[in-house]
Each structure stands twice: as C-alpha cells, then as structure tokens.
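Letter by letter, the chains look like this.
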Amino acid sequence: MRFFILIFLLQLPAFSQVILQKSLSNRVANYHIKASLDCQKKMITATQKLIWKNSSQQAAGELQFHLYMNAFRNDSSTLLSQSRKRYPDTPSRSRQELGGVDIQRFILNNMFDLLPSMEYIQPNDSNQYDSTVIRIKLPQAVRPGEEISIELDFTCKLPKIIERTGYSQDFFLLGQWFPKIGVFQDGKWHCHQFFPTSEFFADFGNYEVELTLPKQYITGATGILLREESTDSLKTLFYQAEDVHDFAVVAWPKFKQEIRDVEGIRVTLLYAPEHSSQQERYMKAVTAAIEYFNNWLSPYPYPQLTIVDPPIHALRAGGMEYPCFITGGAFWGIPAEIRFFPEEVTVHEYAHQYFYGILASNEAEEPWLDEGFTCYATLKIMNHTYGKPASLSELFNIQISQLDQYKHNYLERPGLDIVWKSSWDFGPRAYGVNIYSKPALILQTLENFLGQAEMDNIMKAYYKKWKFRHPQTNDFLTLVDSISGQDMGWYFDQALLSTKILDYAVDSLSSEKTVSIDSVSGSAIGKYHNRIVIKRLGDFIFPVEIASVFENGDTLRQSWDGVDSLYVIDYFTTSRIREAQVDPGQKVWLDLNWSNNSRMMKKNYFATIRHWLQMMKIYQQSLLGGLIF
Amino acid sequence: MIIRSIIQGLINTFRQRKLIFLFWLVNLFMSVLFLFPYLSAFNRFFPERIVSRLLEQVNVYTYYTEFFHFFAKPLQLAKNSLLLGRLLILIISVVLSAGVIFTFLQDDKKNWKKFWAESWQFLGRMLRLGMLHLFIVILFLLVSMVLYLPVIIFLPSVFVENIYFYFFLGWAGLAFLVVLPAFLLFDLSRIQLVQRKFPSILSATWAAVLVIWRNPVQIYLLYLLLFLLWTAVILGYWTLQSYLSDNSLSGILLQFVIVQFSVWIQYWIRLSRFSVLIKISGIGENQDMVSQIG
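As you go down the protein sequences, you meet chains A and B in turn.
Numbering that gives the first Met the number 0 applies: residue 0 is where the first sequence begins, and numbers increase by one.
Numbering that gives the first Met the number 0 applies: residue 0 is where the second sequence begins, and numbers increase by one.
Honestly, the hints are just simulated from the structure, not real lab data.
Among the clues, some could well be false.
Stated by the list, open to error - The calculated lysine-lysine pairs, modelled on DSS-like cross-linking and capped at a C-alpha distance of 30 Å, are:
| hint | chain 1 | residue 1 | chain 2 | residue 2 |
| --- | --- | --- | --- | --- |
| 1 | B | LYS113 | B | LYS278 |
| 2 | A | LYS616 | B | LYS72 |
| 3 | A | LYS214 | A | LYS41 |
| 4 | A | LYS534 | B | LYS17 |
| 5 | A | LYS512 | A | LYS602 |
| 6 | A | LYS463 | A | LYS387 |
| 7 | A | LYS601 | A | LYS187 |
| 8 | B | LYS72 | B | LYS278 |
| 9 | A | LYS616 | A | LYS526 |
| 10 | A | LYS420 | A | LYS84 |
| 11 | A | LYS602 | B | LYS72 |
| 12 | A | LYS499 | B | LYS72 |
| 13 | A | LYS33 | A | LYS48 |
| 14 | A | LYS616 | A | LYS601 |
| 15 | A | LYS52 | A | LYS159 |
| 16 | A | LYS601 | A | LYS466 |
| 17 | A | LYS512 | A | LYS534 |
| 18 | A | LYS616 | B | LYS78 |
| 19 | A | LYS534 | A | LYS601 |
| 20 | A | LYS601 | B | LYS72 |
| 21 | A | LYS214 | A | LYS159 |
| 22 | A | LYS234 | A | LYS253 |
| 23 | A | LYS84 | B | LYS113 |
| 24 | A | LYS84 | B | LYS72 |
| 25 | B | LYS78 | A | LYS602 |
| 26 | A | LYS283 | A | LYS253 |
| 27 | A | LYS234 | A | LYS136 |
| 28 | B | LYS17 | A | LYS616 |
| 29 | A | LYS84 | A | LYS159 |
Model the full structure from these sequences, guided by the hints.
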C-alpha cells in the first residue's frame, strides 16, 4: 500500500511549502484540489486527491463522504424540507439557482474504480430524497494506521446563496463545496446528513488548493496564497493551509482590501466598498478578540486570518466560520452605538476559530460544545472591549449587553429542550436557545460559582489538552471535576440534561416590633422580628446567597442550598429590615427572572408613576397621529 | 398673504378653543383608559422590587424584557386597545369634522347644540367620504410609485444600502408631496359637503377639485406650511423634553404637563386648517360657480 501512496505523492505538483514549524494535528485527511470556477455557469469543475489515514483502532471496510451541496439539489432534501419557513424562496428557485455535487470518477490507490459502488445513504432520517452523504464499499478494509489515496473528479454547481455558501450576482462564497470525507472514530463513521440545525465535523489535515477563475476577481481563502499565475483572462491561485479541517474561498470583483498585522497574524479584511466606514470597527473587534484569546487560552496558531464583509445582496453569506476564514456582516450607516454588526458577529466568528476550528468538537452530535463555548467567549470579549452594561448597544439611552441578549433569548423559551443532544434532534425553535444562549449562561454561572481564576484554569486546561483532538462533552465535564476538585455532576445534570428552570424569588418581607425584658436590668428592650420568605419557583436547585439590608445600614448575608422549595429567615434586630435580595451579586445568570429576586419594605410608587407617564406620552402622540384628519 | 391667512386661521381657531379642548380631552381620556392594563402591570412589577430603583439610574434591557415577558398578557391587551383607539380617534375626528367646519363657517360663538346636530346630520356622508378618500390616498400613493419608477434606470444598483436608502428616502419625499393633495382634497370635500349640503359625496369631492383648480399653488403651499409648523412644534417639544429630568416626581409631572400642551397645540394647528382653507379658497365668494356643479 505504501508503494501506491509514494507513487501518488510523486504525482502531486510540487507547489507545497511548509508553513507551520511543526504539525499541530494528526493530519488524517490531506487534500489537493485543482478547481476551476466558471462564474457564468456558477460551476466548479475539479480534481481532488485525498490521502486519508485510518486513525482509529478499528479497520474501516467502507468510506463515507459529505456532499453538502446536494442539500440544495431539490427542496425535498432534509435541509430544505425542514427549513421552508427560513427559506421561503427555495420552492420557486430556477434550475440555475439550485446546487449540487456530482462525482464523475472515484479511484482508490490509483487502481480501483469505486464509482460503481458509490451509494447515497441517509444515516439520520431515512429521507430518500437526501443525497448529502455517500458510502463507498472498499475492496479491502483499511487497517488502523494505514493510509489510502483517493482521486476523484467532481463538478459542483453552486446554489444561489443559501446557508452561507453559493453565489449572489458576481459574489461567490465557496463553502462545503468539495466532497469531504467523514470522521472515522471508534469503529464507526461520523458522517451525518446536512440538517438546518447542524454544522460540520471533519478531520484535520493539509489542504493544497489550486483555483482558476477570471482575472478581475479579488479572493480570500482559508489558506496562505503561495503564488499566482495569470493568462489573458484567467488567473490560477495556489493556496495552502495546514492543520485545518475545511477550506473556504470567497471571490468578488468589487472587494476592497485592508491588510494588517495583528499580534503577528496577517489579518485580511475583504469588504464591500459601501462599508468602508465600517472597516475600523471590524479591525477593532478582531484585534480585541485576537488579544483576548492570546491571553486567555493560547496564541492563535495560524499565520493568517481572512475576514469577509459581504455586500447586502449576499447577506446570507454573513456570520459564518471556516478555518482561518470568517464572514461578518455590516450595514451602511449603522450607528457606532449599535454593535451587533459588525462587532459582535466578528468577535463571535473569531471565537469559533478556537472552538470549531482548533478544538473541533463534533458540531452535529454535540453542537453546544462549539456554539455554547463560542457564545461564552463572545460575552467575555464584548464585555471586556466595549464595557459590560452596554456591550451591544447604548442607543436612545437603553443599554443592551451581550448578557441581556442571551437572557432575553432564554426567557422566551426557557424549558423547551435540553442542551446536550444531537443537532438533528432539535426542533427549529429549540435549537437556537439551547445551543447558543443557554450554554453561555450555564458557563457564566459556572464561572461565577467556581470563581474566574478557577474557570480560566479549566478553559486553559481544556484547550491545552484537547486542541486538534475533537473533545466531547464528557471530556470537558471530567476536566471541570478534576480541576475544581469537586463533583459538579449535580449542576451539569440539571443544566445540560434537564429542562428544569432556575428561578428564586423573595416571596414576602415583614417586620414586627416586639418588646422583651432584659434579664439583667429588667428594662424593656424594643426589637424587631424581621421575616424573609424565599421561594424556589423552578425545579433547578442551585445554592444562593441572601442579603438583608436594615434601616440602620447593616447588611446580613446568609447562604441557602436551595434544596427545599421554601426558606424562611427570621432576624431579631434593633433595626427594621429595609430590603432583602436573593443572589445580590447577580452571579446566577441562569435565574430566569432577576426582577423578582428582591423585595423592599417601603413601596416605591414613583417607578410606577414614572413608567406610566412615559407610556402616556407615547400613547397620546400615537393616538394623535400626524397632521391629517 | 398665506402666512397672514395662517395666522388669522390660528387666531380664529383659538377663539374656538372649546373645540380644541374637546379633542384634547378625548385624546387624554382614551389614553388613560387604554393604559390601565399598563398601570396595573407596573404596579405589580415595580413598587416592591429593588429593580425599580435601579431603573431610575439607567435603562437596563434585561429588566424590561422580564417585565414584558411576565406581563405579556395585559400588555398585549393594551397594544390591541391602542390600535382600536387609533381607529376610534380617526372615526371620531372624521365624524366631528362636520361640527367643526360648521362652527368655522358660522364664524360665531360656539353653539354646542348646533355642533352636535351638524355632526349627526353628516355622520353617514362623512364616513362614506372618509372611505372614498382612503382609496384616493392609496391611488395617489400608487401614482407616486409610478412617477418614481424612471429613477431606477439611473441607479447603479439598488443592492447597495446607501443607494437603497437614498432611493427610498427620495420616494418618501415624492410620495409626501404627491399624497398631500389627496388629504387636501379630503378637507376641502368635507368643507364643501357641510357648506353646500351636498347629498352626494362625489359632488362634494368634485366641487373641492374645482376649488383646488382655481387656486392650486396657494392651497398647496398653505398645507405645506401648516405641515412645517406642525413639524416645528414636534421638534420643539422633543428638544424641550430632552432637557428635562425624569428622575424626580416634579420632573415627571412637568414633562406630563408639557406633553398636554404639545397635544393641545397640535390639535390647534390641526383644526386651524379648516378655518384657513375656508378663508384662502374663497369658498364663501364662489357660491355661484359651485352651485352649478352636480
């Protein structure tokens, strides 16, 4: 077998260079793709050479590949049939606007034509119309540690932009465009169909990509551009990327380009000309994210990063992560006080470089591991960079932080589903909250419980141990237990595996004057019997602190394990109680309703009047309408 | 001359301030009525919670989302009632316009009995006229779209936000200028209907068309200037509001009083247009021509 590999390697064009000093990953799937983009037909014609190593302990009797583009071949595919509300235009798409991949040749080890044995399979939902996964029976099983070479020819018809891939006018985003081998782990293939709620999972390797396209196109890609060859109307770009698990390319003739060195990384921003005023905002956001991650987890291990700012007609290309390549999103004229675009999206996609890109968890089987951790990191970076109370917006004197956004999403659908489950098992409404917002709140609550230093240690250890190794949820949970020195199962069982709701409330507050006789002096002593009743309104049990503030300014603090549903505190003091608050430091971010966490003895009607009169202003003007009538 | 007419119209309308008071009172009453669900929700949410104190310092989004989430039902009721209220106010304004126009045509002291009698007498015709003119407004809006279509030829691409933005801004400006005559026509039709006591709303509308035909520029400018005056009042109100603190009871009450003044002034400007239109279009002097119509 090694003889064939040697011959195969000798056939590869000698354009590759060593970019990284030492390999960072086990480089299981190494691709050499020679592709040509026909911008008129929106079609890629390519030859792909793949060297794949069986890195598991079991033999592989078959191969499985992702053909993601086939999700856009017809509207009965699993992805499109489940996302009709999201993409209402798909049933009316013309043939030109559909997508798909066709493999014309499939040669194993320069010898075996395996095209006849290729078959579409539907491992997740048995939808016969879905052709996003293929299986190829091998004439001989690939033994553990053995390498094989595969050479295939394919054409890829790009769809009109959808799911962050395809074309829009003369804009092209080539994402999930080539047949990508699945991940063979523990004797089975992890190669799932393309669902609306699922993203990607692949093995690390090296990518050498030659792309030919019209000369006027400005491009960006996952890899480093090694060289460029031009003819009269076409150019061929030679890209190389090491230790990555996917390869994306963007091309648009109208791109403007800004290149900067940030902490030793060559950052290329490709932006729409009308977004030139947003350029600095992109750069500030990505610089903050790079600096934060360099200090928090570890320096970014790649030499380059490409940020793509799509034009508005290609907005569906925005907000996506590929290795060393992210797409953001910005709008002309968006005020600097609103930081959802481009700041938050840029920080979020950069955070993916670590959790999707380097740790590379299985986004299909355990999506929370990528999106949840990415949201948690986004929260930290946005707070650090733009200030906690208004990290997302401070327009019209309304402060919106990243936390507010996550809490708002969680509040809308708190008990809809559990967090730790496969992406295809989620309904469309439950996916977003359980994969993005709730995990971020879970991790931030954990940080507040253990302390920031402890949590930082956990995150550092998680990254150090599992980078380039596809960690699973249990790997993280084990690490939390071992570093914190305590069994946190009680927390994760409730947070990840149940739909229990966490909500504490101060139910009542009372204070009665009592008189007692001093046993020594015999004089009467006036004391107050202060009673605080705390209720756990949800089933989620979590230890909390209760602070009671008295009229003389004293504050008494008490801890409660939250096991019972009711907790009564009696204080006999010389001063009346003024107010009581559960979780006064607001550490429990999973608490569904912070507003009911407190109660005051003296009622504050001013707030009622103030808000009501504010509403009156709006109503009166609204009823008045304009000048007319 | 137009400015003098507007000033005269404003003075005439101020003389009829009981009318303005009536409209303002209806507005206030409906707002209070429809905001009761909010008052109840605020009263359950704020007084006993520390959050009420925090929100005096800064508007924190989380607490408002919690408020809107946990009081969604009463608030939805209030939102629905607002829509209902807007519709009711619209109908009331149209129905009472007969009484208003009659008052201005008499140019006499307010006679409530006649005011209600006129409003009642023209109730059906005013409502029908309102419906007809709703269609006319939509028609004019469509005309503005058609007039704007050639602009597309000169656009490099509508798929670029700034071009998109200016494209729509340009259309909004044109639509405003084109639709304004539709509203003008509605007002003049109402005046004609009441003055000439036309049995048919079409005759009244046609009479109004002829009045505009006689003096188009002046009438159009009058409307434009009144609109600008109204905009200036709104901007002045907003500016004044922005300087006032809402963190004290006195500040809040002062804001409330200013709101009432603003509403009152807006009704004043609004009602004065009938008075100005009657004067400027010379309706009283043109009875012979109008009487031949229909």
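Holds or violated: A:LYS616 to B:LYS72, with C-alpha atoms at most 30 Å apart: Status holds; Cα separation ~22 Å.
Straight-line alpha-carbon gap A:LYS52 to A:LYS159, limit 30 Å: violated, 35 Å
Holds or violated: A:LYS616 to B:LYS78, with C-alpha atoms at most 30 Å apart: holds, 15 Å
Restraint status (C-alpha distance of A:LYS534 to B:LYS17 at most 30 Å): violated, 56 Å
Hinted pair A:LYS84 and B:LYS113, Cα distance within 30 Å: Violated, because 58 Å separates the two Cα atoms, which is more than 30 Å.
Agreement of A:LYS84 and B:LYS72 with the hint, judged by alpha carbon distance not exceeding 30 Å: holds, 26 Å
30 Å limit on alpha-carbon distance, applied to hinted pair A:LYS234 and A:LYS136: violated, 38 Å
A:LYS214 paired with A:LYS159 [C-alpha distance capped at 30 Å]: Cα-Cα ~22 Å, so holds.
Restraint status (C-alpha distance of A:LYS616 to A:LYS601 at most 30 Å): holds, 28 Å
Straight-line alpha-carbon gap A:LYS420 to A:LYS84, limit 30 Å: Holds, at roughly 23 Å.
Given pair status - B:LYS72, A:LYS601, alpha carbons within 30 Å: Measuring from Cα to Cα gives roughly 28 Å; hence the hint holds.
B:LYS78 paired with A:LYS602 [C-alpha distance capped at 30 Å]: holds, 27 Å
Hints 4, 7, 8, 9, 15, 16, 23 and 27, counting from the list given before, are not met by this structure.
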